[in-house]
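The primary structure of each chain is shown beneath.
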Amino acid sequence: EPEVTQTPSHQVTQMGQEVILRCVPISNHLYFYWYRQILGQKVEFLVSFYNNEISEKSEIFDDQFSVERPDGSNFTLKIRSTKLEDSAMYFCASSDYGSGETQYFGPGTRLLVL
Amino acid sequence: SQKIEQNSEALNIQEGKTATLTCNYTNYSPAYLQWYRQDPGRGPVFLLLIRENEKEKRKERLKVTFDTTLKQSLFHITASQPADSATYLCALDMVNTGFQKLVFGTGTRLLVSP
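Chains as they are written, first to last, in my numbering: chain Y, 14 to 127; chain F, 18 to 131.
Accuracy of the hints is not assured; some may be wrong.
Stated by the list, open to error - Have a look at the derived ranges for each label pair, beta carbon to beta carbon:
1) Ser40/Y to Thr95/F: 41 to 47 Å
2) Lys34/F to Ser94/Y: 46 to 52 Å
3) Pro15/Y to Glu26/F: 35 to 41 Å
4) Asn87/Y to Thr123/F: 28 to 34 Å
What the hints assert, rightly or not - Listed next, the stretches of chain Y that the computed footprint assigns to chain F, with coverage defined by at least 3 CB atoms under 8 Å from CB atoms of chain F:
5) 51–62
6) 114–122
Claimed, not checked - If you only want the chain F side, here are some residues facing chain Y, beta carbon under 10 Å, derived:
7) Gly58
8) Phe63
9) Leu66
10) Leu119
11) Gly124
Source of the hints: derived by calculation from the structure; they are not laboratory data.
In this text, a Cβ means the ideal position worked out from N, Cα and C, and glycines have one as well.
Just chain Y, with the same shape it has in the complex (with noise of 0.2 Å):
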């Protein structure tokens, strides 16, 4: 069966770099999203993404976020500046339409900021 796949699975940096996580959407999906979860809080929505552009985000992601397709199989999160309460677990999201679908997430990437 198709999946969702994220890498990497852990990720620890220091507060102020940049970190880009990456998954790789079912391939004949075309709305793609990223979700974020505090240990211990609900799953969050960040943003979606289909045609090339963002069609909605949430005030979590910020100038500090960007998401790009930059070939036709993968599908990035950046974060340019990392923050300490930016430690959380980012789970990447496709679906094959949009409304009233089920979304295939994947592992998640669990980042640590130090």
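Position chain F relative to chain Y; hints supplied.
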């Protein structure tokens, strides 16, 4: 303010019994509601989706109801098994912009004992 509430306390039941989890929301008008399962350190896994015009949906041992008047969904697992032990997340599927955005509850942890 907008809220999605799930029982924060863990639900402990015996194997073979039916587990019932509750999701209540306020100040949202979701077109769809989804239930996901999340195991520790893993990404959410889709279980069921129900549309606003549907009262009930079933899949194998799972059943979900959706009452848009009460703003409540109930999620049932019949003949529960220890392998059903996990956190179950309710997610509202918001389609205001035409693109999907899942808004998650905090989840309810289910523990099924043999």
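Subject >> Hints violated by the structure (listed by number, smallest first) >> reply: Hint check: 1 fails alone, others pass.
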